[in-house]
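Chemist: Single-letter residue listing:
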Amino acid sequence: MSIMIGYVLLITFVIFMGVIIYNWMKGYVPQEDLNCPDDVSLFIKDYDCSTTQLNLTLKNNGKFQVGGYFIRATNSPQQGLAIIDLSFNITTGETVLTPTGVKINNSLDPAQEVTHKFDISHVTPLVYSIEIIPLRWQEQNRRKRMVICKDAKIREDLICG
Amino acid sequence: MEKKKDKGLSPVVATVLLIVMVVVIGLIVFLWFRGMTEETITKFGTENIRFACDDVYFEADYSGGTLYVSNSGNIPIFGMELKDYGPGSHTTENLRDYSTTWPDAGLNQGGTFSDAVPVIGDELILVPVLMGESDDGKRTFVCDEAQHGVSLSV
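Protein sequences appear in the order of chains A and B. Each residue of the first sequence is one higher than the one before, counting from 3 in our numbering. Each residue of the second sequence is one higher than the one before, counting from 403 in our numbering.
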């Protein structure tokens, strides 16, 4: 066999091995996480709560745009975790996300406020507290993905009635 | 005197035989080694599902005989293993099989779950189960209990 054929075989073999090892190893390398920036913050500026309706004024007091939020309620002080979803009870025409969440139309820029109204007549006996987790849409691999800002979660006890 | 005839393989045949033997032995070693390593399950394309477990974030509470779970992270939770630790023993149930209210598609981002769960022991550990892709199709993966399990006192 000529030296030339030997070299060709060697290089082909090395490339082939390289492709196999690359495909095998790439599953063991962590990919870049999609994280919410630290300075995302929403706060409940005002609320007005009756037995049937909750009006919330939310203010973006962070440094980044907020695209939406999850909103959940508790109906007793014993309930440690808010699990009553209020997203589908919004009455101010915002887009409701599937399976849950409220999308703020045109997003909420820093220092901006928005007032949303919710029908809470199905929550018995009363809404005791609410929990809000901001959401953002961030780009990853040329795709917009929803990111949950779990560290910016807010919880507030309400007095409804 | 009659000259002895040279017998044996030609260099070309010998080289071909050598290459064939190396390839066959390589394949055997590769298949043997592959059987010893765990099959990779991926999520979101090529990411190993073990790394997705690091990004799982959920909250849980147990009060008044009811278990509450809320997925506040960016990773959908397909199922949840529920370990009920009692004195000297523990039982394991999957909430998907145990409860009729666990969503079929899993607990997506922002999703919540609550159901009455009778507990015998004094500690509950919830371990998330994720759905990923493997060469054989969709497969579930139970995250590591020590790293990703959430413990609740009952």
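Keep in mind that the hints are not guaranteed to be accurate.
Derived Cβ-Cβ restraints for the label pairs, each shown as a range [unchecked claim]:
1. B/M438 / A/E34: 25 to 33 angstroms
2. A/K65 / B/E535: 32 to 40 angstroms
3. A/V98 / B/D517: 38 to 46 angstroms
4. B/G490 / A/P79: 33 to 41 angstroms
5. A/M6 / B/V424: 53 to 61 angstroms
6. A/Y30 / B/L420: 40 to 48 angstroms
7. A/W139 / B/Y500: 14 to 22 angstroms
8. A/Y24 / B/L433: 15 to 23 angstroms
9. A/A113 / B/G488: 52 to 60 angstroms
Don't read these hints as lab results, they were simulated from the structure. Every residue, glycine too, gets a C-beta built ideally from N, C-alpha and C.
Chemist: Against each hint, give a clear statement of whether it holds in the structure.
Modeler: These are the hints, each one checked on the structure:
Checked against the hint of 25 to 33 angstroms, the C-beta distance between B/M438 and A/E34 comes to roughly 31 angstroms, which is consistent with it. The given range of 32 to 40 angstroms is respected by A/K65 and B/E535, whose C-beta atoms sit roughly 37 angstroms from each other. For the hinted restraint 38 to 46 angstroms between A/V98 and B/D517, the CB-CB distance of approximately 24 angstroms leaves it violated. In this structure the hint that B/G490 and A/P79 lie 33 to 41 angstroms apart at CB holds, the actual value being about 35 angstroms.
In this structure the supplied range 53 to 61 angstroms is violated for A/M6 paired with B/V424, their Cβ-Cβ distance being about 20 angstroms. In this structure the supplied range 40 to 48 angstroms is violated for A/Y30 paired with B/L420, their Cβ-Cβ distance being about 34 angstroms. A/W139 and B/Y500 have their C-beta atoms about 35 angstroms apart, which leaves the hinted 14 to 22 angstroms range violated. Between A/Y24 and B/L433 the CB atoms are about 20 angstroms apart, so this pair conforms to the stated range of 15 to 23 angstroms.
Distance hint for A/A113 and B/G488: a CB-CB separation of about 54 angstroms, consistent with the stated range 52 to 60 angstroms.
Violated hints, listed in ascending order, are 3, 5, 6, 7; each of the other numbered hints is respected by the structure.
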